[in-house]
Structures are given as C-alpha cells and as structure tokens.
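Spelled out from the first residue to the last, the chains are:
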Amino acid sequence: MTDSINTAPATDNLDALIAANAPPEIPTHGAVDWMKKNLFSSISTTVQTFLFITLLVLILRWLLGLIFDPEASWDSVATNMRLLFTYNYPADQFIRIWFTVGALLTAVGLTIAAWGVDPKLSVKKLGGNLVGVGALIAIMGIIAPASSTIKTGMIVVGVLIAVLGYGISRVLGEQKISFFPFLLVVAGFWLAVLWLVPFGRNEFIDGAVSNLPGTINPSTKIPWTILILLFLGSVLAGRALVTVIKPQALRLTMIAWWVVGPAFLIFLVLRDPQFDYDKVLRTDVPWALGFAIIGGAILYWLAKPGVGEIGRLFAASATLFALFNWVAAFAGWYSMLQKVRLSFLVFALFALAAPTFAGERSVRLKFVYAWVGTVAIGHWLITGINTVSTLDIAAPPFLGGFTLSMVIAYYVMLASFPLGIILALARTSKLPIFRLLSTLYIEFVRGVPLITILFFFSIMVNLFLPGGMELAELAAIFLGYALFSAAYMAENVRGGLQSIRVGQYEASDALGLTTSQRTIFIVLPQALRVTIPNLVGQAIGTFKETSLIAIVGGFDLLNVAKQSIPNQPDFLGQNKPALLFICAIYWAGSYSMSRASRNLETKLGVGTR
Amino acid sequence: MAAATPSSLVPDRAMHHKRPPFWRNVGVLKWVVQIVVLLLVIGAFWFLSTQALSNLDDKGIPVDYNWMSGPANIQLGEGIDTVPNSAGRALWSGMVTTLRLAGAGIVASTILGVLIGLARLSNNWLANRAAGTFIETLRNIPVLVQMLLWFAILTSLGDLVNNDPETAANEESGPIPGWLYISKKGISLPRFFWADGFYQWLVFLIVGGAIAMFVRRRIQAKQNLVGGTAPTASVPLAIFAAFAVVGWFINPVVGGIGNVFDAMESAWGSIPESGMRIFLSVAAVAAAALWIKRFLDSKRSPAGLAKLTDDDYFRMIFAGVAALAFMAFAWRVWPGGASWLINSGSDFWGWLGDKFGNGRNARPLDGMRPTINEGRFSNYGPTGWTMTVFFGSLFLGLVLYTASFIAEIVRGGILAVPKGQTEAAMALGLSRVQALRKVILPQAFRVIMPPLGNQYLNITKNTSLAIAVGLSDVVQVGQTVYNKNNQTLAVFGIWMAFYLICSLTISAIVNFVNGRLAIVER
Chain A
1 MTDSINTAPA TDNLDALIAA NAPPEIPTHG AVDWMKKNLF SSISTTVQTF
51 LFITLLVLIL RWLLGLIFDP EASWDSVATN MRLLFTYNYP ADQFIRIWFT
101 VGALLTAVGL TIAAWGVDPK LSVKKLGGNL VGVGALIAIM GIIAPASSTI
151 KTGMIVVGVL IAVLGYGISR VLGEQKISFF PFLLVVAGFW LAVLWLVPFG
201 RNEFIDGAVS NLPGTINPST KIPWTILILL FLGSVLAGRA LVTVIKPQAL
251 RLTMIAWWVV GPAFLIFLVL RDPQFDYDKV LRTDVPWALG FAIIGGAILY
301 WLAKPGVGEI GRLFAASATL FALFNWVAAF AGWYSMLQKV RLSFLVFALF
351 ALAAPTFAGE RSVRLKFVYA WVGTVAIGHW LITGINTVST LDIAAPPFLG
401 GFTLSMVIAY YVMLASFPLG IILALARTSK LPIFRLLSTL YIEFVRGVPL
451 ITILFFFSIM VNLFLPGGME LAELAAIFLG YALFSAAYMA ENVRGGLQSI
501 RVGQYEASDA LGLTTSQRTI FIVLPQALRV TIPNLVGQAI GTFKETSLIA
551 IVGGFDLLNV AKQSIPNQPD FLGQNKPALL FICAIYWAGS YSMSRASRNL
601 ETKLGVGTR
Chain B
1 MAAATPSSLV PDRAMHHKRP PFWRNVGVLK WVVQIVVLLL VIGAFWFLST
51 QALSNLDDKG IPVDYNWMSG PANIQLGEGI DTVPNSAGRA LWSGMVTTLR
101 LAGAGIVAST ILGVLIGLAR LSNNWLANRA AGTFIETLRN IPVLVQMLLW
151 FAILTSLGDL VNNDPETAAN EESGPIPGWL YISKKGISLP RFFWADGFYQ
201 WLVFLIVGGA IAMFVRRRIQ AKQNLVGGTA PTASVPLAIF AAFAVVGWFI
251 NPVVGGIGNV FDAMESAWGS IPESGMRIFL SVAAVAAAAL WIKRFLDSKR
301 SPAGLAKLTD DDYFRMIFAG VAALAFMAFA WRVWPGGASW LINSGSDFWG
351 WLGDKFGNGR NARPLDGMRP TINEGRFSNY GPTGWTMTVF FGSLFLGLVL
401 YTASFIAEIV RGGILAVPKG QTEAAMALGL SRVQALRKVI LPQAFRVIMP
451 PLGNQYLNIT KNTSLAIAVG LSDVVQVGQT VYNKNNQTLA VFGIWMAFYL
501 ICSLTISAIV NFVNGRLAIV ER
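Listed in order, the protein sequences are those of chains A and B. Going by the working numbering, the first sequence opens with residue 1, and the numbers climb by one from there. Going by the working numbering, the second sequence opens with residue 1, and the numbers climb by one from there.
Honestly, I wouldn't trust all of these hints.
Stated by the list, open to error - The calculated label-pair distances, taken between Cβ atoms and stated as ranges, are:
#1 376(B) / 63(A): 44 to 52 Å
#2 66(B) / 274(A): 33 to 41 Å
#3 63(A) / 515(B): 42 to 50 Å
#4 190(B) / 569(A): 38 to 46 Å
#5 569(A) / 325(B): 54 to 62 Å
As the list claims (entries may be wrong) - With the C-beta cut set under 7 Å, the calculated list includes, among others, these residues of chain A facing chain B:
#6 49
#7 52
#8 56
#9 451
#10 459
#11 464
#12 587
#13 591
Calculated from the structure, these hints are not laboratory results. Backbone N, C-alpha and C fix where the C-beta goes; we use that ideal spot for every residue, glycine too.
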C-alpha cells in the first residue's frame, strides 16, 4: 500500500523528467530530406525504389488499361445498376426498397449515437490523405492509356484535390475535428457528387438502352438525398435521445433491433405479405396471446428460486411433450400447426432455462418479458413468411443481387452465432461424448470446401426429408452455409473460452452459481469480448464467400455480373466492366469492415485489459 | 444476478450424508444426458439416411459404387486422362488436377507472400506502401471474383497462330516463337520430364543423399568435439553431386532391382483373400489393445495406477469400438475390400517393377519444346509444358489472394520476435545474415507456421472453385458424372473423403514441422 502511495508522485516526476529531457525534435527540411531518408538511404534502397517505381508504373498502366479499354462498355454497368443491387424487384414497388434502406441508415445513425462513437480526427492527417489521393489520381492521369481529355481531366482533378488537402492542413493545421462535422463534410461530398457530376442517365426504357447526358436520374438522386439527410438526422436524434434516456437502454434496443429488424424489413416490408385479417384474428392472434399469457405466467412461476423438484419435473415433461409433437408429426398421428409445434419447443427451452435466470421479482419479470417478446416477434414473422406475397415478380426469389448477398451474409453470421457457441461449449466441456460429437462435426466441416456443402444442400436436402416436406433451394443453401459457418464460429469462440482464467471458474463456483449460470453470466461475456476481432474477420470472410452462391445458381451480386449482364443483347459478352465494378463493391464492404474492427478493437481495449 | 434463497444454501444436516436420488445425481445425470443426445444424433442420422435411400429407391437410383468401373462417356478439358475409360478414372484425373493446382498454388503463394511480407517490413517507403496496398486490395476481394476476372482477362488475349513456316511465318504467335507462347489458349513453355531412366537414377540420388547425410553427421560430431570451422555443407554436397553425376551415366547398372519388385508383385498377389481379412482384423484388434496398454502405462507411476476419470474410460472404450467398427467394415460393409487391397498392392509392385525394369539405356530427364497444331496447343505427342487459361486463371486468383494473407502472416511473425533477440545476436558477434538465419528466422517460423498451415488448407479447399471457370477438377468432374448417372450421394461421398484426406494430410505435415520447430523446454 505504501508503495503505491510513494510511486504515484514518482511516476509523475518521471514523466516530467522524460518530457524535459526528450531529444529535441529534428527539424524537417521538406521533400528532399524526406526522400533521402525514406527512398534513397542506401544503395540497396535506391535499387529497390527504382525497381518498385518500374513495377508500379507497369501494373498501374495495365490496370488503367482494363478500365479505359475502348472495347469495355461501362454503360453495361451504369444501365444495370438496378439489376446489380436489387435484381428483379418490381420498379413500381421501389418505395419499399427506399424505406428499407432508410430504416437501416436510421438504425446505423442511432447505433453510432448509442455507443457514443465520436473519434477526434486530425485535420493534418485528413489533409495528408487528400494530398496522397490527389497525387495518385494525377499520376494515374499521366500514365493512363486514355484519351488526352480524360488524362488532362484526371490531372486537373488530382492536382485540385492535392492543393485542397495541402491548404486544409496548412490553414487548420493542428486542429482536430469531431465526428459530426466530419460526417457533414462527407455527406456534403456525396450530395455534390449526386447532383453535380454528369455520370449520364442510363436506363432501360421499354427494353432499349437509353443513354442521355446529365446527372443521375432524379428517381435515384432524390431518394438518396433524403436518405443521407435522414442518416445525419438520426445521428443527431440519437445524441439528443441519449441525454434523455440511459445510453444502456438505447444500446439494448439497438441490439434487439439488429437481431430482428432486418427480418421485419425483408419479410414484412420488402416481401409485402397479403394478410388475410379474418384468419389472422381467428387463429394467429389467439395462439400468440395464449402462449404469451399462459406461458408467461408459468415461466414466472418456474423462475421462482424456491420452486424445487416440481418445477424441474414440469420443465422436463414440457420438453418431452414438445419433442413428442415432432415425432407425431413425422408419424402422422395428429395434426398441429407448425407454428404451435415450434412454440412448444421454444417454450420448453425457456422452461429448462428458467432456474438459470431465477432471482428476485424484477429479474423474473425480465425473463417473462423476453418470452413475451420472443412469442410476439416469432409469431408475427412466421405469419408474415407463410402469407402469399403481393409482389409481381417473374422469377420467384424476390431478393437478388447485392441485397441477396448482404441478407445471406448477415443471417448466416446471426444464425451461426448461437450454433457456434453451443459447439464451442461442447468442445471444451468435460463430457467426452459431447466433446467427441462436436469435434467430429467441426473438423469434418472445416476439412471440406464450402462449395461441396452448398452443392449438397442445394441438390440433396429434399432427398433427406420425408415425403410432403420441402425446402426452397435458397433456404437450403442458407441452411448449409449457416451450418458450415457455425464450425468456424465455434473455433473462434473456443479461442475466447480458452482465454478465461481458471480463477473465474473457481470464483463463480465459490459464489454458488450453477454450471449454466457460470457459463452465461461469467464465462461467455468475457470470452465473447475477446472473440470480437476474430468475429469481424469471420464476418468479412462470410460476406466475401457469399459469392459462392453464384456457382450453385443463386442470383447474387456475382451471378448478375458474370451471367445476367453479359447475356443481355445490348451488352453481349461484356463481363469485365461488371466484374471490376463488383470487385470495387466487395472491396469497399470488406475494407470498411476491417477498418471498423480495428477501431472497435482499440475502443474495447481488447488485449490491453 | 441469480441467487438461491438462503434456505437452499444451508445444507440440511440429515440430507448431507445421504446420496442424492439418481435423478438429482450429477454423476448419473451427465451420462444419461450424453447417451440420450448421442442416441438422438444417431437416430436423426438413421432417419435421414433411410429417408434418402428410400427416396432414391423410388427414383430407381440404387446407391452403390459399381458405376465407378463402368464406362464414363465424358471428355475432360484437361488432366492426366482427357478421355477416361471409366467414371472412376475420370474422378481420379480430376483429383490429380486438384492436387496439381493446390501444390503449385502452395509453392507460388508462399514465395510471393514471403517476398511481399518482407517488402512490407522494408524501410523503403515506396516498397512498404506498395506491399501494403497489394495486401489491402487483394485480400478484400473474394477469391472467386478474382478468378473470374482473371479468366475474363486471359480469354481476351490474342489468338494462337500456327507456326507453319511455309505459310504464316510472319504471323507466328509469340513472345518467343518456338519457346514461349502466351495466348487465349494458355501459356506454353519448354518442358522437362522424367524419362525412362529416371527411377534408376533416383536410386543413385537416394543412396548418395543417405551417404552425404551420414558424412555430415560425422563431420558435425567431430566439430562439436574439436571446435573451429568444418566443411559441414561443402563435403556432403560434393558427395551427393558426385553420385548424381556418376548415376546420370551409369544408371542402367541398377536395373536389376526391377526383378525384385516383380517377385514382390507375384508374392503379394498370392496372398489369399481370407488371410488378408484375418490379418486386417488381427491388426485392428492388436492396435487397439496396444493403444490401451500404452495408455494405461502412461497413467501408471511408482505410486500405482492413477485414478481413471470418466474420460479415460471413454477413450479406452472408444478404441475398442473403433477396432470392432473397422472389423465390421472389412467383413460386412465392404467385403471386397481385402481383395481390392491385394490387387492394388500387387499392381503397385508391378508398376515399380515396370519403372525399374525397362528403359535401361535412357537418359533420366528429357526436354521438349512447345508446338502448335491448328490454332491450339497439341494435346498429344511431343509438346511443351502448357498451362491452359482455365488452370491459369484459377492459379493466378488463388496465388494472389493467398499471398496477401501469407504476407501479413510473415510480417506478423517477424515482428513477433523481440528486438532484444537481434541485439543479443549482434552482441555475440554474429553477422547480420547469421543472426537472421540462426536467431530471428527460427523464432519467427514458430509464430508463422500454424497460420501458414491454415492458408495451405484454404488453398486446397479453394481449388474447388475451379468449377466456376470449368477446369476439370474433382468437383467439376464429379458434377459431370452425377449429371449423367444421378449418383449424387456417392459422388458427394467421394468429394468429402478426398478433401478430408487432403486436409488431414496437410495438417499432419504442418503439425509435424511445428513439433520439430517447437521450443525444447527443460
């Protein structure tokens, strides 16, 4: 104790001492010195520099040659934007797409506000980046194999950007700007691009390509303007909200939204089910209410700490009943709504979990709220999914292109998360049979390529199902991908589980927690925090590998680029521009995720705690 | 969070010494739960597979592997056998193409990845930034998209023009006519190949290598005693080179080995089938018994046998069950297995006998230049080494994508070696090269090896994307086969088994190397 009292001022002194005796900052003498130091410091470095200059010029010129290839028709991309992003979603229903994007952007804004994302950005660094980007554009303008107009244009734009960047860093210098002004600048930039840059108006009108000069179509730029403003507004609104309610409450709401919200958008907004309200009121609502009220009351009783043997007996028999319903379904003994069967199963799981969440009144109420929420959302979604869509779409899946890639990537990650945790817990458990089963599953799945599993599921799944049951091909592919991803997720989570010290287990045992309480309240929260960087890595991988859906016949982003566009009579064989374009999309998605993960790592302090 | 009421925390004194009833006894419950889950899993498997078999039966597709030896009626784009006479042979050709692609990809991406990783660490600003851009660009684009882009680029290269000297001397494709062609049909180079005398020469190489290793050990042992410098590299290398050079000219001398292999062939072929089966069963049981004995020995100490946990019992029971399952497989599931083993073993010796017996006057290696025939590279006869656009686009996509990951691994590995190690090596008076070779790299390798092995596995699995451009790898051939005969289930079985064997082999090699590199602790 005395040590810490004595050392605290000593460290201050030490810091001051170090600061006072720090070596004088070496004055910089501009570009020549910098080049001498970083490019020509020795003979071998000089050789390296010239080697890399040659290589880079050759590679850049070749790459730019692909872009400025006179045979490459970039109209094929510009005209097919709708196909690339939403595939064959009907044009007259496009308001639903805008609503979905708006809801997602609002949620992103609120999430940013809820977590208080507010990095201070150095103006000097931003200016430096602008100078770099400008210089690169100017250099590309010099070496590009294109017409002299384009070359001059690129050089002029590049020099302008570089001068702007240099000016900003000279005038504003050492200042730091906070996040919202930065967002304003970025939003302003995109709005200017939307309204000022003459990309041309490319669209199909009655099947023929129309290519008019001017800025982007108003049907694109007006919604995007509104959406960008909505995003900025949601950040502000979120910040205002956090001052009124607790940030923790907003965070919980946002997490819940990110788990179920996208499903609402897909199945209820984009798909537009045509509800038969009479039937809904007669069957769906009563069942949901019944489960919520009666089930909630029973769970409230089960979560009482002193409920004893009778509660366990009840939970066990509820589980047996729920499982028996499925056996009866396969054997055909009695009929039951699939929704009801599923509800009984979920109820049994809640009943089994009740002792883990036992506690005082408020804790038990939270548990019951979780059950009621699950019933409400689950029943609404299942009803929505099972209702006929009003959309008039030529080919059945109403999702396609970039939307499909995103949806599959998002839900594969979401579905494989609980599955991966269960597998990881089984693999690290002390029970040999669980460990064996989990290890076999994980090692088997990790040993075979994803594409064979996707083939298996797309072709074979219906073969394994009993007569009368069927699974749509896209759903089968999704199932296969999620089962595949779960094995990798399990390995990531296992890494986190292994980082938990023995003391944590001993301490929770000393507190008298049960095994499941220890796992849920002590082990998993710590393990998952350590796992986050790996999870983002896996999310990036999953996003990239959705491109494999193209091989098994799904019309994702890649399949539109490699098959739909080159087969259009107007753009026969034009695959390079579209492929380069989707390269840019995939790159932007993956790169921004990896940057975000690096920031998140610093913010969470993973590895520093 | 969750707290039991105080009353349940205080144990009842009367209950304390009584055993809990069996439905509350953790020792019983954990086994009940595990066995129930195991039965559920087995039941689900049984249910699904009977469904699948009956569904297939309804469609009139019996699940067996007899079609493997039946006629294939398919033509492959490339591979060791483009017109295979059986479906099994077609799949084998696909497997070889996959292995070629994986092997070439592993070698090339390692070399490129190491170079880029070193460039990323360079203190030259340009090299550093260029390597960083390479890594960040390529690893964020899906490998499949990269492959398809390469395919689009390679197929838009120029046509291949006949090098008929009479008519089109000026139109000949290049860049170096007769030596190197780059076109939309692929790339072709002169080729070296193992000629008939290669195997006899190989005997000389193996013997020379063994002697060189022996001599090196002796020299090192002497150096360890005496100290100073010793020719640990030059003398063994000279011995090996001498054997190689002499063997090049006199390799037919050892052709007699072929007769030994021929004798082995007939000896192996005369094993009776039941004998083989009994041998396999005995071997399985003996292996299980031996494993259990060694396991028990490892638990035994001077103080006696340690208390065995549930886990230990489970392992021993599992070893026994595995042996029984193997026997069941050999006798009931695949009755022809024993004779297959005898036949293929005898074929293998026969193949060795062939290779060592004939071609006694041939050179070990030979070379050929590429030739063009009617606008395409010749498939048959004397020709160069050709990489088709299909193989090329796969190869480029795989190598560039994986190299970007390997570069990061290499960089991380080298950065993981503490700076003090370099300084300590310098303080000992080692040169920079010596410090790198003896101090830094061995430690960096230890960090690099496990993730590198993962990347090798990824390359092997990513070769399955060949189907996107139509390269005849095992997946594409398999798909062609089941589109013809509907034997989907059987083909999936072959795919899974093939990739599992590849993955397990690579992990085994990586684990072995890892074990060799591991720190030997006291």
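Taking the hints in turn, this is what the structure says about them:
| no. | hint | in the structure |
| --- | --- | --- |
| 1 | 376(B) / 63(A): 44 to 52 Å | violated, 29 Å |
| 2 | 66(B) / 274(A): 33 to 41 Å | violated, 52 Å |
| 3 | 63(A) / 515(B): 42 to 50 Å | holds, 44 Å |
| 4 | 190(B) / 569(A): 38 to 46 Å | holds, 44 Å |
| 5 | 569(A) / 325(B): 54 to 62 Å | holds, 59 Å |
| 6 | 49 | holds, 5 Å |
| 7 | 52 | holds, 5 Å |
| 8 | 56 | holds, 6 Å |
| 9 | 451 | holds, 5 Å |
| 10 | 459 | holds, 6 Å |
| 11 | 464 | holds, 4 Å |
| 12 | 587 | holds, 5 Å |
| 13 | 591 | holds, 5 Å |
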